[in-house]
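Trainee: Sequence:
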Amino acid sequence: MTTAPVVFRPPQIDLASIIKQPHPVIDLRLQEFDQSATKLSRAVVAFKNNAIAVIADRRATYIADTKKLSERIKSAEAETHQCKIKEIDLLAELEHEQTERKELEVSIASLRRRISALREKYAEVDEEIARYRTVVANLKSDRQHDTQTLASTASSVLPALNALQNALSCKLEGIGTGQLLIRFWNVDPSDPQREVSCVVDVSDTVYRVLTSSPPLPMLSSLAEELNSSRDVYRFVIQLRSSFARNAIK
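In full-length UniProt numbering, the protein residues as written are 1 to 249.
Since the hints were made in silico from the structure, they are not lab data.
This one's a predicted model, so the numbers in the text were calculated from it and none came from an experiment.
Hints should not be assumed to be uniformly reliable.
As the list claims (entries may be wrong) - Here are the simulated DSSO-like cross-link-like pairs (lysine-lysine), alpha carbons at most 27 angstroms apart as the crow flies: (1) Lys68 <-> Lys84; (2) Lys102 <-> Lys86; (3) Lys67 <-> Lys84; (4) Lys74 <-> Lys84; (5) Lys74 <-> Lys86.
Claimed, not checked - DEER-style ranges, computed between Cβ atoms: (6) Leu90 <-> Ala60: 41 to 47 angstroms; (7) Asn166 <-> Glu124: 29 to 35 angstroms; (8) Leu91 <-> Arg58: 44 to 50 angstroms; (9) Thr134 <-> Thr205: 32 to 38 angstroms; (10) Gln82 <-> Val54: 54 to 60 angstroms; (11) Thr66 <-> Thr99: 32 to 38 angstroms; (12) Glu105 <-> Gln82: 42 to 48 angstroms; (13) Leu210 <-> Gln165: 19 to 25 angstroms; (14) Ser152 <-> Ala130: 46 to 52 angstroms; (15) Asp231 <-> Asp191: 28 to 34 angstroms; (16) Gly176 <-> Arg112: 54 to 60 angstroms; (17) Ala163 <-> Asp191: 19 to 25 angstroms.
Cβ coordinates follow ideal geometry from the N, Cα and C atoms, glycine included.
With the sequences and hints as input, model every part of the structure.
Mentor: Printed below as a string of structure tokens:
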């Protein structure tokens, strides 16, 4: 509300004419002054009320703006807090991934070292296998040579051996693994074609007489003497003599 300004104009006083009057009176125009003062007071009150209203409006606007700004600040702080939490989580995840990556790198390096060591070991094994193959080939060659030599020797000795066995009426044969069959004939004068035999196990350091046909009472003592002397030739002679004595009885 706008109020027109109040202008008070003081009265014009003519002192000369007033002094000439018998009863001088000065008209101060107080009523106009009171009216002007009242108008001024009302104008001041109106200005004050208008100023208070403007201040109240500005204060309300300020409070509203401040509240909005505070809410924005709180929202921004909340978003910032959430961003910090996400940042912390991302950093933790990144650190975890880096740790896993380092562990994987260490594991891969260890596996590579093991693979390298295994390759070296395989190379050594291959070399050793090659050496063994060479040795085996040489042994096979030597064995073939020895077999040929033994076959050649056996073919040349076999006639003499057969003649000797016929002369001694005795034959030794290998049966099974480490077992020796000893056969005799011309032991019994009443039946020269009758054969007697004995099986000896020579597969161990202690020789064992497994069977004899016919049974001999002295077989165990002959076996003990054989293990003591280790003389197979003497054992054969003693065995034939025992069979001969047993046949005469």
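Trainee: A separate judgement is required for each hint: does it hold in the structure or not?
Mentor: To see whether the hints hold, each was checked on the structure:
Proximity of Lys68 to Lys84 is assessed by CA-CA distance (about 24 angstroms); at most 27 angstroms being required, the pair is judged to hold. Taking the CA atoms of Lys102 and Lys86, the gap is about 24 angstroms. The hint holds against a cut of 27 angstroms. With a C-alpha separation of about 25 angstroms, the suggested pairing of Lys67 with Lys84 holds against the 27 angstroms cut-off. Only pairs whose Cα atoms come within 27 angstroms are accepted, and Lys74 paired with Lys84 is accepted, the gap being roughly 15 angstroms.
Between the alpha carbons of Lys74 and Lys86 the distance comes to roughly 18 angstroms, so the proposed pair stays at or under 27 angstroms and holds. As the Cβ distance of Leu90 to Ala60 is approximately 44 angstroms, the hint placing it in 41 to 47 angstroms holds. Between Asn166 and Glu124, the C-beta spacing of about 59 angstroms breaks the proposed range 29 to 35 angstroms. The hinted range of 44 to 50 angstroms is satisfied by Leu91 and Arg58, whose Cβ atoms lie roughly 47 angstroms apart.
The hinted window of 32 to 38 angstroms between Thr134 and Thr205 holds, with their beta carbons roughly 33 angstroms apart. Between Gln82 and Val54 the CB atoms are about 41 angstroms apart, so this pair departs from the stated range of 54 to 60 angstroms. The supplied range of 32 to 38 angstroms is broken by Thr66 and Thr99, whose beta-carbon atoms lie about 48 angstroms from each other. Checking the proposed 42 to 48 angstroms range against Glu105 and Gln82 shows it is violated: the Cβ atoms sit about 34 angstroms from each other.
A C-beta distance of roughly 22 angstroms is found between Leu210 and Gln165, which places it inside the suggested range of 19 to 25 angstroms. Separation of Ser152 from Ala130 is about 33 angstroms and departs from the stated range, judged on CB atoms against 46 to 52 angstroms. Separation of Asp231 from Asp191 is about 30 angstroms and conforms to the stated range, judged on CB atoms against 28 to 34 angstroms. At roughly 56 angstroms, the beta-carbon separation of Gly176 and Arg112 lies within the given 54 to 60 angstroms, and the hint holds.
The given range of 19 to 25 angstroms is respected by Ala163 and Asp191, whose C-beta atoms sit roughly 23 angstroms from each other.
Hint compliance for this structure: hints 7, 10, 11, 12, 14 are broken, all remaining hints hold.
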